[in-house]
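Full structure from sequences and hints, please.
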Amino acid sequence: MMLFCFGVLGIAAVRLISRRVQFGAHTTLLLFIFSFYTCLIFLPGMHERYGMAVLVLLVVHTAATGRLAPLTACMAATDTMIYIPFLLQGAMPVSMSTLSVFNIALYGAFCFAFLRELRVESAPPVQI
853 MMLFCFGVLG IAAVRLISRR VQFGAHTTLL LFIFSFYTCL IFLPGMHERY
903 GMAVLVLLVV HTAATGRLAP LTACMAATDT MIYIPFLLQG AMPVSMSTLS
953 VFNIALYGAF CFAFLRELRV ESAPPVQI
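This note's numbering runs 852 ahead of the 1-based position in the sequence shown.
Honestly, the hints are just simulated from the structure, not real lab data. Just so it is clear, CB atoms sit at the ideal spot from N, CA and C, and this is done for glycine as well. It is possible that some hints are incorrect.
Unchecked claim - The following label-pair restraints were derived from C-beta to C-beta distances:
1. Ile863 / Met944: 30 to 38 Å
2. Arg971 / Ala943: 37 to 45 Å
3. Val946 / Val866: 36 to 44 Å
4. Ala877 / Met948: 35 to 43 Å
5. Ala957 / Ala916: 33 to 41 Å
6. Leu940 / Ile863: 19 to 27 Å
7. Ser870 / Ile936: 37 to 45 Å
8. Arg871 / Gln941: 13 to 21 Å
9. Leu940 / His899: 14 to 22 Å
Now the structure itself:
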């Protein structure tokens with residue numbers, strides 16, 4: 853699984869370099885989020901470490917740009933549902949397998965949003 857994760861990150865790096873993406877603050881933040889989120893999804897032992905980093909970086913990105921708010925809210929809700937049994941000693945509101953599928957869907961949605969944001973960042977300015 854670790855090789856697959858490195859493969860995904862390597863393909864993303866090659867694609868970014870081949871497209872000559874300019875790495876400003878916004879693009880770098882998105883790249884950090886993508887890298888951490890990829891590790892979160894594909895490396896099973898990293899869920900605690902990277903999950904918090906992804907959520908914090910998504911909140912920072914959303915606060916700074918106003919974009920990706922639905923993804924940030926969905927990820928915060930997913931994290932909250934995961935921690936309810938530990939925080940409140942209660943039952944989980946949704947099964948763990950359902951949350952896993954939802955988290956993978958969120959990862960896919962973030963990948964599409966990441967590519968869309970890169971297209972917007974690398975688009976030449978409109979001449980008026």
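Going through the hints against the structure:
1. Ile863 / Met944: 30 to 38 Å: Given range 30 to 38 Å: holds, Cβ gap about 35 Å.
2. Arg971 / Ala943: 37 to 45 Å: holds, 43 Å
3. Val946 / Val866: 36 to 44 Å: Distance hint for Val946, Val866 holds at roughly 37 Å.
4. Ala877 / Met948: 35 to 43 Å: holds, 36 Å
5. Ala957 / Ala916: 33 to 41 Å: For Ala916 against Ala957, whose Cβ atoms are near 25 Å apart, the range 33 to 41 Å is violated.
6. Leu940 / Ile863: 19 to 27 Å: Roughly 41 Å apart at Cβ, these two residues miss the hinted range, so it is violated.
7. Ser870 / Ile936: 37 to 45 Å: holds, 44 Å
8. Arg871 / Gln941: 13 to 21 Å: Cβ of Arg871 to Cβ of Gln941: about 49 Å, so the range 13 to 21 Å is violated.
9. Leu940 / His899: 14 to 22 Å: Since Leu940 and His899 have Cβ atoms about 20 Å apart, the given range 14 to 22 Å holds.
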